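Asks: Okay, here's what each chain looks like letter by letter:
Number of protein chains: 6
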Amino acid sequence: MRPSGRDLSEMRPVSIETGVTKHAEGSCLIKVGDTHVMCTATIEPRVPPFIKGSGLGWVTAEYGMLPRSTTSRMRREAAMGKQGGRTIEIQRLIGRSLRAGVDRVALGERQITIDCDVIQADGGTRCASITGGWVALKLAVSKLMKAGDVISDPLTDPVAAVSCGIYAGQPVLDLDYPEDSEAGVDGNFIMTGSKKLIEVQMSAEGSVFSRDQMNQLMDLAEKGVEELAEIQKAAVNA
Amino acid sequence: MRPSGRDLSEMRPVSIETGVTKHAEGSCLIKVGDTHVMCTATIEPRVPPFIKGSGLGWVTAEYGMLPRSTTSRMRREAAMGKQGGRTIEIQRLIGRSLRAGVDRVALGERQITIDCDVIQADGGTRCASITGGWVALKLAVSKLMKAGDVISDPLTDPVAAVSCGIYAGQPVLDLDYPEDSEAGVDGNFIMTGSKKLIEVQMSAEGSVFSRDQMNQLMDLAEKGVEELAEIQKAAVNA
Amino acid sequence: MRPSGRDLSEMRPVSIETGVTKHAEGSCLIKVGDTHVMCTATIEPRVPPFIKGSGLGWVTAEYGMLPRSTTSRMRREAAMGKQGGRTIEIQRLIGRSLRAGVDRVALGERQITIDCDVIQADGGTRCASITGGWVALKLAVSKLMKAGDVISDPLTDPVAAVSCGIYAGQPVLDLDYPEDSEAGVDGNFIMTGSKKLIEVQMSAEGSVFSRDQMNQLMDLAEKGVEELAEIQKAAVNA
Amino acid sequence: MRPSGRDLSEMRPVSIETGVTKHAEGSCLIKVGDTHVMCTATIEPRVPPFIKGSGLGWVTAEYGMLPRSTTSRMRREAAMGKQGGRTIEIQRLIGRSLRAGVDRVALGERQITIDCDVIQADGGTRCASITGGWVALKLAVSKLMKAGDVISDPLTDPVAAVSCGIYAGQPVLDLDYPEDSEAGVDGNFIMTGSKKLIEVQMSAEGSVFSRDQMNQLMDLAEKGVEELAEIQKAAVNA
Amino acid sequence: MRPSGRDLSEMRPVSIETGVTKHAEGSCLIKVGDTHVMCTATIEPRVPPFIKGSGLGWVTAEYGMLPRSTTSRMRREAAMGKQGGRTIEIQRLIGRSLRAGVDRVALGERQITIDCDVIQADGGTRCASITGGWVALKLAVSKLMKAGDVISDPLTDPVAAVSCGIYAGQPVLDLDYPEDSEAGVDGNFIMTGSKKLIEVQMSAEGSVFSRDQMNQLMDLAEKGVEELAEIQKAAVNA
Amino acid sequence: MRPSGRDLSEMRPVSIETGVTKHAEGSCLIKVGDTHVMCTATIEPRVPPFIKGSGLGWVTAEYGMLPRSTTSRMRREAAMGKQGGRTIEIQRLIGRSLRAGVDRVALGERQITIDCDVIQADGGTRCASITGGWVALKLAVSKLMKAGDVISDPLTDPVAAVSCGIYAGQPVLDLDYPEDSEAGVDGNFIMTGSKKLIEVQMSAEGSVFSRDQMNQLMDLAEKGVEELAEIQKAAVNA
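Chains as they are written, first to last, in full-length UniProt numbering: chain F, 1 to 238; chain L, 1 to 238; chain E, 1 to 238; chain Z, 1 to 238; chain P, 1 to 238; chain H, 1 to 238.
Derived from the structure by calculation, the hints contain no laboratory data. Quick caveat: nothing in here was measured; it's all calculated off a predicted structure. Be a bit skeptical, because a hint or two may be false.
Treat identical chains as interchangeable: a pair holds within one or across any two.
Cut-off 30 Å, straight-line C-alpha distance, at most; resulting in silico cross-link-like pairs (BS3-like, lysine-lysine) [said to hold, decoys possible]:
hint: 1; residue 1: 223; residue 2: 196
hint: 2; residue 1: 143; residue 2: 196
hint: 3; residue 1: 31; residue 2: 143
hint: 4; residue 1: 31; residue 2: 223
Let the hints inform the model, and build the full structure from the sequences given.
Replies: Right, here's the structure in full:
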């Protein structure tokens with residue numbers, strides 16, 4: 001029934017390659033099917049003004065798409081002179097989600113910026129960004145711990161994200177672009193590896209949904225995040 | 001336990017005054033406690049390019065805050081030269097939510113723009129904007145129906161929104177500003193009067209939450225929306 | 001002869017309601033006929049760089065219109081990414097006019113920002129903003145005096161503004177929108193309650209005027225400001 | 001008493017050199033003392049959308065200052081990414097003033113843009129821009145008349161502008177920069193050569209003024225405009 | 001003598017991988033040492049207004065760097081709200097250079113946009129962009145030829161670019177970042193495979209150079225472009 | 001053969017008038033045929049952050065065109081809200097070129113900004129800006145030396161620029177606008193008075209060129225710069 005022939009609860013093949021750029025303190029290229037996102041982590045000693053002197057750390061994110069990561073070319077946001085609403089919404093979500101999984105006292109007063117740049121898009125770029133972004137973050141933090149700059153691990157439980165939706169009347173896991181553009185309901189679920197919830201966003205596009213359907217999507221999401229967390233752990237230990 | 005002395009499942013007093021500006025096709029001033037939002041609806045014959053000629057209608061929204069609607073003065077976005085990320089996120093949510101409750105075929109090829117301007121803020125401005133915005137929208141559509149420009153009612157079920165969150169470890173309904181700024185988990189629930197879900201957003205701020213807690217918040221939200229829908233119906237029939 | 005049936009030298013009904021928002025140090029809603037402007041005063045300890053350390057105070061103003069305050073919807077300036085020329089011209093006028101009526105030594109080194117937001121427009125918004133802005137300013141200063149932060153009153157004489165113009169060949173007081181859009185000559189007169197001049201702007205739209213006509217408009221303006229100053233005094237003493 | 005040693009009612013030396021750039025349809029370099037402004041007129045067949053098809057012409061203006069036209073270097077507005085409030089206020093005034101002196105029916109459906117670029121500033125740049133701008137405009141219109149594109153002269157009476165103010169307690173004509181920066185009251189008077197009024201702006205800087213003083217300034221302004229109109233006529237006939 | 005141990009006339013290892021993204025009409029990832037640039041070509045039926053109806057084709061380019069492509073993180077241009085001067089200079093150079101090597105009559109009235117996004121930077125990104133950009137362009141054009149949309153090949157001779165400079169007093173080929181940041185003279189040489197010149201830019205940084213040195217750099221550049229052209233041909237035939 | 005009737009190696013008449021504005025520390029109006037550029041130098045005590053405390057000086061440049069300096073009116077960059085790519089490219093070139101001719105140790109830790117504003121354009125504005133800019137710079141430095149603020153002359157050799165190109169198949173010196181818009185190859189050559197090279201830029205427009213042609217253009221450029229340097233020296237000694 002799914003365009004890709006996948007089962008309703010089957011994710012696309014996921015791979016995470018780490019150390020893909022020599023300059024960043026942490027980096028990976030995550031591939032969720034044909035969605036490819038490059039994630040890098042940059043450590044900086046400064047924090048935003050509102051937490052200066054608090055001893056707390058900060059994690060923030062920026063998101064972008066290469067102009068031809070999509071089927072037809074998108075205008076370059078730098079050339080348009082501003083980031084679109086969708087970009088801003090997504091990068092706020094990535095930052096918030098990753099921050100929720102960090103012990104900011106343990107991190108100490110420093111900022112880590114996660115850049116998520118979509119190289120190729122086929123649906124689910126925000127979820128891939130969060131999942132890959134956590135890996136880049138973890139690698140950067142490991143470097144701080146090896147150097148003795150951070151003592152207690154501020155990242156004990158992975159943060160991963162997956163989309164689920166109602167496609168052709170059925171709840172399905174991990175929407176690809178053909179499904180996403182047709183889905184009546186579309187949700188993003190961000191959880192820890194131990195299935196604690198961080199952020200849940202469900203949205204009807206020209207329809208409505210019931211609480212039962214919401215619970216079915218939650219079930220699928222838990223399955224997906226469980227699989228992603230294993231892949232994340234394998235990647236950071238590789 | 002709540003700063004305001006309210007019960008856990010008690011909303012703030014809500015009022016909706018309609019017809020508050022002489023120029024708009026529909027308007028209301030919604031007060032949810034000390035949060036006051038002016039909502040106006042503007043009917044225009046043109047639609048966005050991507051649906052031109054489709055026969056479908058469009059509903060969109062813009063959101064703003066008066067500079068001194070808040071405790072300390074915020075910089076005016078027009079003077080800063082751009083809308084902030086929070087503003088963009090909120091107005092996209094309002095537009096999406098109201099659109100989900102509209103029969104766009106019945107509306108016909110025209111656009112209705114809902115402007116939500118916060119006169120005084122005390123938490124929950126986006127929810128008040130959606131709830132009041134629906135009333136302004138309904139009044140504008142009624143005008144179209146009275147004029148015979150729209151035959152079948154495109155708005156049969158109200159759309160309302162309420163926030164719930166975990167405050168001091170307890171699930172509470174309708175967060176005000178003192179609660180919102182302290183809440184560990186914060187959610188916005190947009191539903192129809194008949195409790196169909198349109199959008200659900202739950203977000204942990206520096207913590208995580210369980211699926212049980214999520215369900216408790218859903219229960220509270222259903223209660224809140226039920227009350228709001230009654231007030232909306234009374235307002236449009238006044 | 002006037003569309004509203006008013007006498008040539010008759011102002012629209014004017015009311016000033018104070019204390020309309022709980023956050024601002026001073027606030028009022030001024031109604032001049034169907035023109036409604038919300039004015040708030042914000043006290044801040046900092047002053048602009050060019051008077052830092054001088055001991056002098058500063059008063060500045062910002063002006064905005066709600067998108068649907070007008071007959072047809074105006075584009076939101078925050079969304080357009082800049083304030084229009086008319087907005088900038090008006091807010092500079094408001095700031096300059098109010099500043100001229102302040103004893104800046106008595107105010108002391110602090111800044112008061114007056115926000116004037118037009119809720120509903122029917123001509124004369126800049127004059128209503130100045131007249132209402134002075135009331136908000138006065139209320140904020142009274143708070144400073146009650147707290148002992150300001151000893152000697154820096155606002156001894158009200159500042160009020162009124163428009164006059166040549167409509168259908170006749171000098172008229174307090175132009176409303178139907179008159180304003182037809183007037184050949186249009187002027188704004190800002191004076192103190194004791195009829196000292198602060199700013200006079202007269203402008204011909206596609207015509208010219210004589211010095212005699214100018215004097216007739218001045219006479220009308222003096223009458224109008226006298227009435228406004230009484231209403232201002234009543235409002236601040238309420 | 002004046003820093004320059006001029007009499008109270010004495011203008012600075014004024015010269016207008018025409019034909020200073022080979023590309024523009026009309027051009028002049030006006031010098032009012034050490035204030036030098038280059039004015040060019042550009043004729044274009046298109047008019048703004050709001051008068052399209054009306055048969056009426058349009059005159060508009062833009063104003064700029066070279067970065068080092070002033071004592072200390074000003075930041076280039078193009079580099080800052082926007083025109084400042086003062087620039088916008090001034091160019092609106094220039095356009096409005098020149099437009100008031102044009103028979104827009106006789107001009108026919110075309111637009112003339114007057115660019116006023118300050119080469120060297122010493123006070124009174126907006127007045128010099130209007131006075132010189134009228135000359136550039138007249139020269140461009142003469143070209144249209146010679147070509148038979150315009151039959152009846154749309155510019156029968158010059159438009160000129162002069163500033164007057166209260167300096168050291170005395171009313172003075174044609175403020176230069178040292179006077180302007182000290183003046184308690186400062187006004188710009190735009191009139192036709194036959195002393196019809198087009199725009200009057202008087203503004204108190206940290207003080208107030210009486211109606212008597214206003215009349216004294218008007219008297220001075222009439223004298224100044226009379227002198228300027230003679231120089232304009234000589235320039236266009238040269 | 002060179003930090004990398006290369007001979008004076010030795011290029012870094014160069015590889016070009018084609019078909020790296022599924023959406024673009026042509027694409028490659030070019031690696032010149034540690035400088036990695038992703039190049040994509042997008043074919044669109046429209047051309048810029050100034051050649052509309054001429055029958056001629058157009059080639060243009062855009063350039064960007066991922067924020068962490070560099071040693072320390074650069075601010076994202078989309079977030080800053082504009083492209084920097086260096087970016088604009090580079091993308092104009094890429095577009096101009098590629099255009100010079102195209103038979104625009106043979107291409108026909110269509111536009112091809114080359115996007116060059118730097119994944120990792122180590123000096124020479126603009127040269128790598130041109131060399132890789134030509135490959136992406138060639139692949140897109142081949143697709144048009146296979147489809148019969150273009151009959152005669154508009155790209156008969158490759159366009160490639162290489163930098164040369166005076167480093168530590170010696171002329172060297174293909175500057176990497178450590179050399180580039182120290183070089184007294186730095187040049188970019190864009191040529192066809194048959195050594196016809198398209199663009200030459202030589203620039204002294206805090207020094208000057210002689211015509212003899214210029215000729216030595218030209219000799220090196222010819223050697224470098226010869227090698228690059230072979231790699232380009234191999235890549236497009238792979 | 002040339003539209004102007006000049007010989008292939010003949011420059012347009014060049015004049016440099018100094019001291020053209022009373023405010024700038026150095027200024028000139030350079031005329032190269034009908035290309036007229038006003039150049040001013042501003043001395044400021046501050047330097048850019050990246051050299052603060054180094055004891056080194058800085059020279060930078062900004063470039064602009066009056067809207068009607070060209071055949072048809074260009075939009076004002078300040079009104080468009082940004083400098084175009086061409087402007088940015090040119091002002092970076094001017095700054096880089098002038099900086100290369102300065103002994104920054106001798107200049108001392110101060111910044112000199114060269115503003116080049118095109119009053120009338122007829123081709124070669126960037127070259128005229130560099131040649132005239134050097135004169136303004138030299139005059140400002142002379143003032144510093146006279147005041148004893150700079151001891152050893154940081155500007156011992158003039159910097160001048162000239163364009164050459166292939167027009168109608170022939171190498172020609174100093175392209176004017178009619179030639180520039182037709183030339184197949186176009187170059188800018190920036191050298192010192194003693195013919196040391198500072199920057200060379202050659203660019204083919206829809207064609208290619210040979211190394212022989214490049215050498216012919218270099219020969220012409222050397223002749224042109226020699227003549228310009230004499231005129232510069234005369235101007236600064238006048």
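Asks: Does each hint fit the structure? Answer for all of them.
Replies: Hint by hint, here is what the structure shows:
no.: 1; hint: 223 <-> 196; result: both (13 Å within a copy, 25 Å between copies)
no.: 2; hint: 143 <-> 196; result: within (26 Å within a copy, 48 Å between copies)
no.: 3; hint: 31 <-> 143; result: both (24 Å within a copy, 27 Å between copies)
no.: 4; hint: 31 <-> 223; result: within (18 Å within a copy, 39 Å between copies)
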